[in-house]
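These are the residues of each chain, in order.
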Amino acid sequence: MENFSNETIDTTELPKFEAVQFSVLSASYWKVIVINILMLFLVLGTGFSLLLFYNEEVKFFSVEISLLFVVLLLLTFIFSRISFKKKGFAFREHDVLFRSGMMATNTIIIPYNRIQHVALHEGFVSRYFGLAKIEIFTAGGSSSDLEVPGIAIEQAEKIKQLLMGKIQKQL
Amino acid sequence: MEQQFNHPQRQSPIGVLVMFFETLQQWARGLWPVLVVYAFKFNELNKVYLFLGISVFLLIIVFVAYLKYLNFTFFLESENEEFVINEGILNKTKTIIQLNKIQQVDINQSLIQRLIGVYELNVDTAGSAKKEGKIKAISHPLALALKTRLLENDRKNQDTVMAEGFLQEEIIDPKPFIKISFLSLLKVGITSNYVKTLGLILAFLATIYENGKKFLPEDGFNKEEIGNYIDQSAVISSIVLVFFLTLSLILIINLVRVVFKYFDYQLTKQNGSLLLSFGLLSTKSTIVKPEKVQIVTLSRNYFQKKMNILEIKIKQATSSDKENNKSIIEIPGCDEKEKEAIFKLLFHSIPEKGFVLKPNYRKLVFSIVLFMLLPVIVFFTLANFIDATLFDYAFALPLYLLFVGLIVSFGYKNNRLYISDDFIIKQSGAWDIDNEIIEPGKIQAITTSQLFWHKKADIGSLIIHTAGGDVVFQLGNFTSIKQYVNLWLYRIETANNNWM
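Protein sequence lines, in the order shown, are assigned to chains A and B.
Taking our numbering, the leading residue of the first sequence gets 11, the next gets one more, and so forth.
Taking our numbering, the leading residue of the second sequence gets 349, the next gets one more, and so forth.
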């Protein structure tokens, strides 16, 4: 009790989460996104072409459907690009921040002493580029779990070790 | 009285009866639409076959109940310190609960169990919100002995203070410090859940209608005849009649439901925890540990304010999202004094409101566009281009706009976020006004969100994640929100509060 003090906190002097410099995702993660989109649209495109080939009635609209397909593909690329550019993460002394969103800017902040466990996930395409995804789980359910994709595997391992160390210290 | 639990044992033999009634209840619940239909056609049926059918049905249930009884065994495995339950006739289930994971052991009694003279024993672990282990028929001495054995391990692991607490639990039976009176229950019954009950009635009617349609003769009603009966004044009076019938039906169902569910609601203090017990036919009891409480919601509408009652809902920490709804604990019909007593136990202080954050006027505009402007546009487009007969219903439009307009504006007026040192309170709702109370120490994570066109106006949203669910406040002053987020983070990160 002798060390106890209860000073008034000057809220303007507190470290500001909004002033944090975010690290961007690895540039090769964009390639992963592009490959994933292309694979998705390859499947969609095959379906459409089969439909156009065999169905006489739809054949009449073939130009419109192809146009729609291209526009959809372009929009997906644009939105993915914006959302890729926006994504960023930061590890502070006491918490982890992740920024995401397209039209909105969402920032989620998880203090280390609320993390339940950490996982490392390597996707099929990501692994080829040497990238991994860090998954951070809290007791707050799926809405407050955090996934940081597109981090080089060695760095991801280091981050995981850092987080594990921080969690261990809390216990 | 040393009971041996080391070998697999069955429940009390008389427990077959419990199994029987339970299986009967399950099957009857599954088959009730068929039963209703047969009840209507009772006179047309061949009585001999009917009674033969019923007896065969009951015999099957007796057989199933007996098999269930035979296949249900439980025992304590002392080597691994586990409690094991085996059950199931065709699909065998083996539930293994480690003794040191057991949080709570309840002994309950439903009406049927009370008549037969057996008890139910529930084992709850921290793993999930539902009860993991359930023994449905067990004699009282055996239940007590088993409870002691199950909690023995726990006691060993706890520090001495807690151990004393556990011992006390079985010795003293403190008097309830709050009892919800019958009058309060009546007040709750007539002032809450109108919409929910209306939904239930409609669903009930729909089921009956669907099942009845198959059996009622097609030419029962002559459509032309009905057409002749309808004239203007009759329509209005029948609408009024239906309205009042529905209203009284809702009130009666509400009253009966509330009284059955919450009869003799008692709150007892037990080692700093809150012990709740309630129910007319089957008494339920739950323990609320203050440290597990995440969000406390105060709910009250205009009538309830006038009658000085309010409802408290308590959300505890759960591990899965799906179980969230089940773990909500409701305390209906408290008055101000009882509320304060409960808060003192849960929070050790009375939450105060402090700094006020109001939503930007854009929130109101957005609601108006979404719930009023958009439906009107859709209505006129449909009426103009697709079905002109829709214009006949245009008279309902002003009514709709008035109703929704009231809800939207009251909802906006009541939407507030109050922030004080020890509490965050979010107020919302148009008719039932909810106050969700969180302690900053229970925060798991925080999300802030801002649309790019809101940057200039300096408004944004805040989502507070806790282990009992999220609390969202939209379109508030973003500078203040950010400032408070920094403060809460500082508090969480410097202190190592126990959030569960």
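Simulated from the structure, these hints should not be mistaken for lab results.
Note that the coordinates shown come from a computational prediction; the quantities given were computed from them, not determined experimentally.
Backbone N, C-alpha and C define an ideal beta-carbon position, used for all residues, glycine too.
Please note that the accuracy of each hint is not assured.
Looking from chain B toward chain A, a few residues come up when the C-beta cut is under 10 Å (computed) [claimed, not checked]: (1) Ala387; (2) Asn391; (3) Leu799; (4) Tyr832.
EDC-like, lysine to aspartate or glutamate: derived pairs with alpha carbons at most 20 Å apart [unchecked claim]: (5) B:Lys701 - B:Asp770; (6) B:Lys654 - B:Asp612; (7) B:Lys830 - A:Asp20; (8) B:Lys804 - B:Glu787; (9) B:Lys830 - A:Glu167; (10) A:Lys26 - B:Glu841; (11) B:Lys661 - B:Glu688; (12) B:Lys495 - B:Glu468; (13) B:Lys482 - B:Glu425; (14) B:Lys830 - A:Glu66; (15) A:Lys176 - B:Glu370; (16) A:Lys26 - B:Glu370; (17) B:Lys482 - B:Glu370; (18) A:Lys176 - A:Glu103; (19) A:Lys26 - B:Asp769; (20) B:Lys803 - A:Glu28.
These are the hints, each one checked on the structure:
no.: 1; hint: Ala387; verdict: violated (45 Å)
no.: 2; hint: Asn391; verdict: violated (55 Å)
no.: 3; hint: Leu799; verdict: holds (5 Å)
no.: 4; hint: Tyr832; verdict: holds (8 Å)
no.: 5; hint: B:Lys701 - B:Asp770; verdict: holds (10 Å)
no.: 6; hint: B:Lys654 - B:Asp612; verdict: violated (23 Å)
no.: 7; hint: B:Lys830 - A:Asp20; verdict: holds (14 Å)
no.: 8; hint: B:Lys804 - B:Glu787; verdict: violated (31 Å)
no.: 9; hint: B:Lys830 - A:Glu167; verdict: violated (31 Å)
no.: 10; hint: A:Lys26 - B:Glu841; verdict: holds (14 Å)
no.: 11; hint: B:Lys661 - B:Glu688; verdict: holds (14 Å)
no.: 12; hint: B:Lys495 - B:Glu468; verdict: holds (11 Å)
no.: 13; hint: B:Lys482 - B:Glu425; verdict: holds (17 Å)
no.: 14; hint: B:Lys830 - A:Glu66; verdict: violated (59 Å)
no.: 15; hint: A:Lys176 - B:Glu370; verdict: violated (51 Å)
no.: 16; hint: A:Lys26 - B:Glu370; verdict: violated (59 Å)
no.: 17; hint: B:Lys482 - B:Glu370; verdict: holds (14 Å)
no.: 18; hint: A:Lys176 - A:Glu103; verdict: holds (9 Å)
no.: 19; hint: A:Lys26 - B:Asp769; verdict: holds (19 Å)
no.: 20; hint: B:Lys803 - A:Glu28; verdict: holds (13 Å)
Taken one by one, the earlier hints fail for this structure at numbers 1, 2, 6, 8, 9, 14, 15 and 16, listed in ascending order.
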